[in-house]
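From these two lone chains plus the hints, build me the complex, please.
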Amino acid sequence: MSRRLTIPILILSVAVLAMANLVWGSVSIPLADTVSILLGKGASGHPSWEYIIMDNRIPQMLTAALTGASLAVGGLLLQTTFRNPLAGPSILGIDSGANLGVAIVMLLLSGTMTLGSMTLSGYLLVIIAAMLGAGCIMALLLVFSQKINSHLMLLITGIMVSYITGSLISLLNFGATEQGVHAYMMWGMGNFSGISTERLPLFAALCGLGLLSAFLLMKPLNALLLGEHYARNLGYSIKPLRTKLLLVTGLLTATTTAFCGPITFLGLAVPHLARLATGTHNHRTLLPATMLTGAILALTCNLISTVPSSGSIIPINIITPCIGAPIVIWIILKK
Amino acid sequence: MTYELIDLTIGYGKTVVADGINATLEEGKMACLIGQNGAGKSTLLRTLCCFQPSLDGKKLLDGKDVSRLSAQELSTMIGVVLTDRVDVQGMTVRELVAMGRSPYTDFWGKLKPEDETIVEEAIRLTGIEALASRQINTLSDGERQKVMIAKTLAQQTPIILLDEPTAFLDFPSKVETMLLLKRLAHEQGKSILISTHDLDLALQTADTLWLMGKSSLIVGPPSALAQDNTLALFFANPNVNFNAGELRFTIKR
Chain A
1 MSRRLTIPIL ILSVAVLAMA NLVWGSVSIP LADTVSILLG KGASGHPSWE
51 YIIMDNRIPQ MLTAALTGAS LAVGGLLLQT TFRNPLAGPS ILGIDSGANL
101 GVAIVMLLLS GTMTLGSMTL SGYLLVIIAA MLGAGCIMAL LLVFSQKINS
151 HLMLLITGIM VSYITGSLIS LLNFGATEQG VHAYMMWGMG NFSGISTERL
201 PLFAALCGLG LLSAFLLMKP LNALLLGEHY ARNLGYSIKP LRTKLLLVTG
251 LLTATTTAFC GPITFLGLAV PHLARLATGT HNHRTLLPAT MLTGAILALT
301 CNLISTVPSS GSIIPINIIT PCIGAPIVIW IILKK
Chain B
1001 MTYELIDLTI GYGKTVVADG INATLEEGKM ACLIGQNGAG KSTLLRTLCC
1051 FQPSLDGKKL LDGKDVSRLS AQELSTMIGV VLTDRVDVQG MTVRELVAMG
1101 RSPYTDFWGK LKPEDETIVE EAIRLTGIEA LASRQINTLS DGERQKVMIA
1151 KTLAQQTPII LLDEPTAFLD FPSKVETMLL LKRLAHEQGK SILISTHDLD
1201 LALQTADTLW LMGKSSLIVG PPSALAQDNT LALFFANPNV NFNAGELRFT
1251 IKR
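Order-wise, the sequence lines are chains A and B. Just so you know, we're using this note's numbering here: the first sequence kicks off at 1 and counts up by one. Just so you know, we're using this note's numbering here: the second sequence kicks off at 1001 and counts up by one.
Keep in mind that the hints were calculated from the coordinates and are not lab data. This one's a predicted model, so the numbers in the text were calculated from it and none came from an experiment. This list has only true hints and no planted wrong ones.
From the structure, some residues in chain A lie toward chain B, with a derived Cβ separation under 8 Å:
no.	residue
1	Asn-222
2	Tyr-230
3	Arg-232
4	Asn-233
5	Ser-237
6	Arg-275
7	Asn-282
All residues carry an ideal CB built from backbone N, CA and C; glycine is no exception.
Only chain B is shown next, with the shape it has when bound in the complex (with noise of 0.2 Å):
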């Protein structure tokens, strides 16, 4: 499924963050949103969530406008993984992704013997078949956003958000995670968009990179970014240079 913007802009009541926004997240890509802090990153992804709505333009899944479409229909399109830190006690991690199959469940919110299959092909697609039965608040914070993931994957969407997922995450579990996502991405046919800061990680890991800037947002794949000398005007700075052919920032000496 593609998640296509068309001229939107986004904002808080009549305070415009970023408009013109053209972008379309593609099927089967992992695209990297980054910029810096106050770009509007947030605002963008929570529009993109439906958690706000935009100020003007088109949100279309799959050509379909997504203002038309019901809460209960976007809960199975569009799932999240959020900054929220999810501190529930008292509860397995079999039973958190097994939420991710509410919105097929009955009114009771009883699983089916299919919806238990699915939920252990999401344990297992993002590795966590060990912690299955452990309690969520005593997992690590790279093994919670793991969990956040499977959660995602039971609920079946074919796109997935993720808000800095990477972030307070030690440098392993960093290239873990977004090793994970292109692989879902690629093999499972996801449309992934994450915001992030780890703009190394991002550089090496994304199909497609979501630069936002001042002025608006600039999409396409890494290597053509770096060699039209964008990236290098975009993070233009006099403490570091940007070597296109590696794809690397580096501290001026």
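In isolation and in its complexed conformation, chain A is listed as follows (with noise of 0.2 Å):
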């Protein structure tokens, strides 16, 4: 069966496309150079070459390969969750509170202090600024989820709530500087690059707990595909079990928005290409598929962020609906 050869594909096509990362970009360093670079043996005459690939594009492949996994595999967690396939992970809001966050740091204090300029400590400042946005979005949903049992409702209730979120997020900008603007639009149209060697573990220690968070709830998972009553009647309690899913989801859509900013698109595409390249909904197949297939999606996003272009890059949130709409697109005209 071809099936069977899935996975493996992807894993090799997920490994092509992280070499390629390397050696294509802004300066075109030749494959050899790459590898012997990598084997620690330098290139000879081209020492800014080792910079470039140790300091500058392996963070920035590794980062985009975490965030794509991550945000797939999070989207993925509340498409079987609310057995919705329009779920991703900016629908319930907490990509929103992120925002908000970054938005009060930016727009809102931005006149005391220089946040706008991505110094070093304002970049801390913004990644704790959108854990923490995202941080009480997530808490409130975990509230209203104790209260309200209809997965469909909860969702609703998610929507309105990255409503409110929105309309905070214009007033700040309607109230703000040109120059806080500015940056604020730049950061929301996300950046695999901002990672720097020092703060790749953290954001790799983050995506990898949510990760492996969301292969152990791979069983309860596969229940959930029945229905919520069936999954109960297989000995699943559904509101402990949605709270896990939801943290999972949370921490996953936090940390990548708080690092690259809100990357659209992924979430929501990249699980139903799973599903199309493995013929199944059964996450022992699916999950991993997912994750290895948003990796890939989001390093061709950023090999196509950095080739064409001369010194600059393109934002990713330019790149990914363009990549992620016609996919969903093509899904539906499919059916």
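Have a look at this one:
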């Protein structure tokens, strides 16, 4: 069966794309030299190449792969939990919570603190603000989730919450300086290149924790495919399970949004692609496939964002919808 | 296993739907729950499935109070087939039946060889061998119903509760489903309760009838309820006659 080869093919694709991300960029570095730099031998005559690969492209490549994997898995968890193919990390308002946190820091406090310039401390503050914002919305959703039984109603509540945060962000934009608005807009366009080698371990650890937790929930996720009642009859308590799923999704979304900005569409589109590639909804196969496909798509977007430009990088969120939206439309047409 | 209801009150919050319910679902018997829309059949069934709490009274499984059992323990005792349409895509019949093994499998849900055997046996008992590799979303309603019954067999619960399993089925499928359930009760010793609107079928196949009326629940074998005039009174309607000997309702001309 060709389906058995799906996962190995996806792994291979991730490896090839990861390498391509190291080789291609604003400065073209030959494959042979890239390999030799990776092996620690350096590139003769080009000391700057080593710096570009080790301190620039590797962190960026890893950031893209982890972000893609995390958002895709977050999307899959929500789509299964809510049994809704249109659910994604952005729909519950978790990432709009992060947006609000960042908007408060960048727009409201920009007069007193120069955070828009993305100085080291400023960047750290942005991450903390995004985490706090996402955490507050998560906490709010968890409170609602204790009171609301229906999955659909909880989903609608999440959408309502994100409308409110959206309107608060508009208000902050309205009253902010031009400089602040520009800085916030740039952050909102997404960026895989903002994580330095020093901060990468923290980012990787948070993403890794979320992804691992998702894998631990594989069996109940499969039960949820049959619907809430059948899952209950198979011995699962729905509310505690939903709380766990929301926490994991929250961690994945908050982490990626805080470090890379709100990356759109990956969470929504990738699970559909993975289902198409594996031909199954069984999470035993679908979860790893979604993770890998997420990494593939993010690495592809990252490649596109750096290749055609000379020096500057196209913001990620300009590319993701251009790839993500046609995929979703194509899947709808195929049905 | 017997499922005994003692002075049970069912309802939502403060709204009582029915009270004073006393009944026993017996081992190796198929019981049919009948009543008009709004009589509280669904509420009773949902309460028996433990999807909603009872307001008062007791539910005993072989004498053990159900409220003291964990969700995990319950999942090995009561299996359900619901009206919720399971329209998962990308899942085969065999995979869905295997979901019934969830309460028994390890943390990752991996099937052991003995689990595989039980799944195949459940598929054989329900006569869906030919469907086993098909995708769920390609099945007809009747086939789907059998798959969900196979799931409860794989779940190996002594009690099986079914919410209107014959609704939306064509007539041959209705008969087939009822006979399958009766066979499972008699041959596998399952205690089966079915809520249904198919009165004729229920009268002809059920070992026990649970008549859910406005005031209370009446329980008994079809023939006994026919003889003592309970059935005729229960379905009293100016347009129909009840023939107690043939267990048949006919429309007056």
